[in-house]
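*Asks:* Spelled out, the chains give:
There are 2 protein chains.
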Amino acid sequence: MQSTSQGGSEPILFTRGVPAVEALPNQLISTCLQAVLEGPDGRSILQYGHNGGYLPLRRLLSEQYAVSADQLLVGNGSLHLQDLLSALLIKPGDVVLVEQPSYDRAIKTFRRRGAKVIGIPLEHDGVNLQALEKALAQQTPAFMYIVPDFQNPAGVTTSAAKRQALVDLAARHNFWLVEDIPYRTLRYKGESIPLLRDLDDRHTITVSSFSKLISPALRVGYLVAPVELVKKLTALAEDTTLAPVLPTQAAVVEFHKRGYFASNLESLKQLYAPRLQAIVQALKTYLPNVAFAEPEGGFFVSITLPEQNDYSDLLARAKQAGLILTDGRGFFADPLDGSKNHEHLGENFVRLPFCALTPEQIEEGVRRLAAVVA
Amino acid sequence: MQSTSQGGSEPILFTRGVPAVEALPNQLISTCLQAVLEGPDGRSILQYGHNGGYLPLRRLLSEQYAVSADQLLVGNGSLHLQDLLSALLIKPGDVVLVEQPSYDRAIKTFRRRGAKVIGIPLEHDGVNLQALEKALAQQTPAFMYIVPDFQNPAGVTTSAAKRQALVDLAARHNFWLVEDIPYRTLRYKGESIPLLRDLDDRHTITVSSFSKLISPALRVGYLVAPVELVKKLTALAEDTTLAPVLPTQAAVVEFHKRGYFASNLESLKQLYAPRLQAIVQALKTYLPNVAFAEPEGGFFVSITLPEQNDYSDLLARAKQAGLILTDGRGFFADPLDGSKNHEHLGENFVRLPFCALTPEQIEEGVRRLAAVVA
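The listed protein sequences correspond, in order, to chains X and H.
Per full-length UniProt numbering, the first sequence starts with residue 1, numbered consecutively.
Per full-length UniProt numbering, the second sequence starts with residue 1, numbered consecutively.
Isolated chain X (complex conformation) (with noise of 0.2 Å):
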């Protein structure tokens, strides 16, 4: 087989946050699936729904968030949930705020249903406080939207004391927080720390999904939210997909009823702990100089390369090298502070997704980054 790169071997493509191919648990799925369709439900879920979800899926996530089903709804995947959320709370004018960087396709729906979205500086432990007061000194936002376990892109998880800072902060200025929680347990090291919701209900919209924790083709992401925003956006939903995808809701619960979901969190931990520890060493190994955020979990690490370096051409070297990269770029909102080189934001800015890749191929493309970037 001809080679596509210098190195003489396979491309390596640090691009999408998928799981790992050989993680998709496809007999179990299949035998959920089999018993739901067989089952005493078996037509029922073949039939229109009500698209605030499966009820025993709504019933089964309350009992885990402690809150009532009607709090709860199931989307076609969180994006859509973000999408129902920004058609019903952005208003023309309206400000989004963001970590930044953060997740690029949320970027880009805040901005497509009207929003002006402004990134606040992510540091370690979570967004820079005093950027963030400033900014509500500003505006106050529509929401703000933060992935505070494992971020996408970083992988930063925010620390105890600044998600108290935000839900006091959100308290005060009156905002949403949406937390995104797709990764949270995904978690292969340390403790896990409080949710925003867990500090103050009130101002919070929790969204996550089993995309990442059992597949991403069933499409089942969820929302918890207060019961009058929960109605709104039921009925936003049913407007726009009608009804719900009951068959792999279903499985959903089928999934967790017979113990696989817990089972199949801990293969994915023990096959996605070594990779996340490939990379660390890799970038102490290769990119010694480099500073990042070692994450304790989910699926990004993410480095940004020296600003003096010229990165505007960064993404053709490394397919040059055998290297497939995301542009950087998207995962960079508005800056607050409009002085800065608006249009080079994110060029030096690196995304490396390790759960779909070996650690021997996660060395190598380290490896071959570290000779682009050198």
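One or more hints might be untrue.
One copy or any two copies: either way a pair holds, since identical chains are not told apart in the list.
DSBU-like cross-link-like pairs, simulated, lysine-lysine; straight-line CA separation at most 30 Å [said to hold, decoys possible]: (1) LYS257 x LYS319; (2) LYS232 x LYS319; (3) LYS319 x LYS231; (4) LYS91 x LYS189; (5) LYS91 x LYS319; (6) LYS116 x LYS91; (7) LYS319 x LYS284; (8) LYS284 x LYS134; (9) LYS319 x LYS134; (10) LYS91 x LYS257; (11) LYS231 x LYS91; (12) LYS134 x LYS91; (13) LYS91 x LYS232; (14) LYS116 x LYS134; (15) LYS162 x LYS91; (16) LYS232 x LYS116; (17) LYS108 x LYS231; (18) LYS134 x LYS269; (19) LYS231 x LYS116; (20) LYS284 x LYS269.
Calculated from the structure, these hints are not laboratory results.
Using the hints provided, position chain H relative to the given structure of chain X.
*Replies:* For chain H alone, kept in the frame of chain X given last:
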């Protein structure tokens, strides 16, 4: 069990156009899901997929419609596709034309996306062409939405001559015709009439789904359109729902491969044809003076009660008589001629979905209706 109606029996629901629950092929779908999840693609259909939809499904549909696979977009049910279409095509100040009456959720979707929705009176063989030409002389619409076969709600099938007139007008005035054909293959008698796309595919967007042909909860709808439009809609789909629900889409392919689609369609027709016959017979028996379009397929018959009576409390009176009806006003868009007493449009319009009721329930339901309106 205590009765909830004057008639001393269970209420009869003439509300949503849903399949008969006994017609939902749970065993066959279970078999298909098991086959695809335990087959060679079992893991890849659990991964993030391309939002055009599962490629083998797009290929299967592209053969049916004699188009290329890149003219196909598979979405989360056809309302989802109508929402995407509306987001892309409707600009501020735009008009969308619909048949009067039309599908209530479509009207609502076009309005939510900012259109002024104008209804062109529907006759027993399709829209009134004089009224349509008058509307087109006033303003070229973003698109016209048509349900050409066994229309929802009226049961009308647009004649071949009017279909030709529609594509001619679309070509002359340069607007999109959106033909929504979820019921088309559920023809219980008579001969099929060419699609709008068969007459002229340049201005036609065809939307359909498997909700009525396999199961609504699979949420598999699709759209056929020119490549450039499909590209834009696919990008928008990716921005809003990120990835397709591949397992259900793969199950639909398997359902065809195994010959289940053909046999299931035959079973549906055998189940539904007597129900259509029952409702037509009951209407002729119990409401002999009310004219209606006699459908040759689909899910709906509708009647318009004599205008001289006051039907403002029709739903309430029907409920008392053990009959649950849908508010007819939802099926009516703005009239082209503003002179008509607008807010009363549809008050005397009754949609009667007949597929999910037994012939006995249908007869009893129409008997109750006749008692209410007599």
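*Asks:* Take the hints in turn and mark each one as holding or not.
*Replies:* Taking the hints in turn, this is what the structure says about them:
In the homo-oligomer, the alpha carbons of LYS257 and LYS319 never lie at most 30 Å apart, since the shortest distance is 45 Å inside one protomer and 40 Å across protomers. Taking identical chains as interchangeable, the C-alpha atoms of LYS232 and LYS319 lie at most 30 Å apart only when they sit on different chains, with a minimum of 27 Å there against 46 Å within one chain. Taking identical chains as interchangeable, the C-alpha atoms of LYS319 and LYS231 lie at most 30 Å apart only when they sit on different chains, with a minimum of 26 Å there against 47 Å within one chain. When the C-alpha separation of LYS91 and LYS189 is checked against a cutoff of 30 Å, the pair qualifies neither within a copy, at 41 Å, nor between copies, at 51 Å.
For the homomeric pair LYS91 and LYS319, neither the shortest alpha-carbon distance inside one copy (41 Å) nor that between copies (40 Å) is at most 30 Å. Taking the shortest alpha-carbon separations for LYS116 and LYS91, both the intra-copy value of 10 Å and the inter-copy value of 21 Å come in at or below 30 Å. Taking the closest pair of Cα atoms, LYS319 and LYS284 come within 30 Å of each other only inside a single copy of the chain (22 Å); across copies the shortest separation is 73 Å, beyond that limit. For the homomeric pair LYS284 and LYS134, neither the shortest alpha-carbon distance inside one copy (35 Å) nor that between copies (73 Å) is at most 30 Å.
With identical chains, the CA atoms of LYS319 and LYS134 are never at most 30 Å apart, being 40 Å at best within one copy and 58 Å at best between copies. Taking the shortest Cα distances, LYS91 and LYS257 never come within 30 Å of each other, neither inside one copy (41 Å) nor across copies (48 Å). With identical chains, the CA atoms of LYS231 and LYS91 are at most 30 Å apart both within one copy (19 Å) and between copies (28 Å). Within a single copy, LYS134 and LYS91 get their C-alpha atoms as close as 22 Å, which meets the 30 Å cut-off; across copies the closest is 36 Å, which misses it.
Both within a single protomer and between protomers do LYS91 and LYS232 lie at most 30 Å apart by alpha-carbon distance, with minima of 15 Å and 25 Å respectively. Taking the shortest alpha-carbon separations for LYS116 and LYS134, only the intra-copy value of 16 Å comes in at or below 30 Å, while the best inter-copy value is 42 Å. With identical chains, the CA atoms of LYS162 and LYS91 are at most 30 Å apart within one copy only, with a shortest distance of 28 Å there and 43 Å across copies. In this homomeric assembly, LYS232 and LYS116 come within 30 Å of each other (Cα to Cα) both inside a single copy, at 23 Å, and across copies, at 23 Å.
When the C-alpha separation of LYS108 and LYS231 is checked against a cutoff of 30 Å, the pair qualifies both within a copy, at 25 Å, and between copies, at 18 Å. Taking CA atoms no more than 30 Å apart as the test, LYS134 paired with LYS269 passes in neither setting, with 39 Å inside one copy and 66 Å between copies. Within a single copy, LYS231 and LYS116 get their C-alpha atoms as close as 26 Å, and across copies as close as 26 Å, so both meet the 30 Å cut-off. Only within a single protomer do LYS284 and LYS269 lie at most 30 Å apart by alpha-carbon distance; the minimum there is 22 Å, versus 67 Å between protomers.
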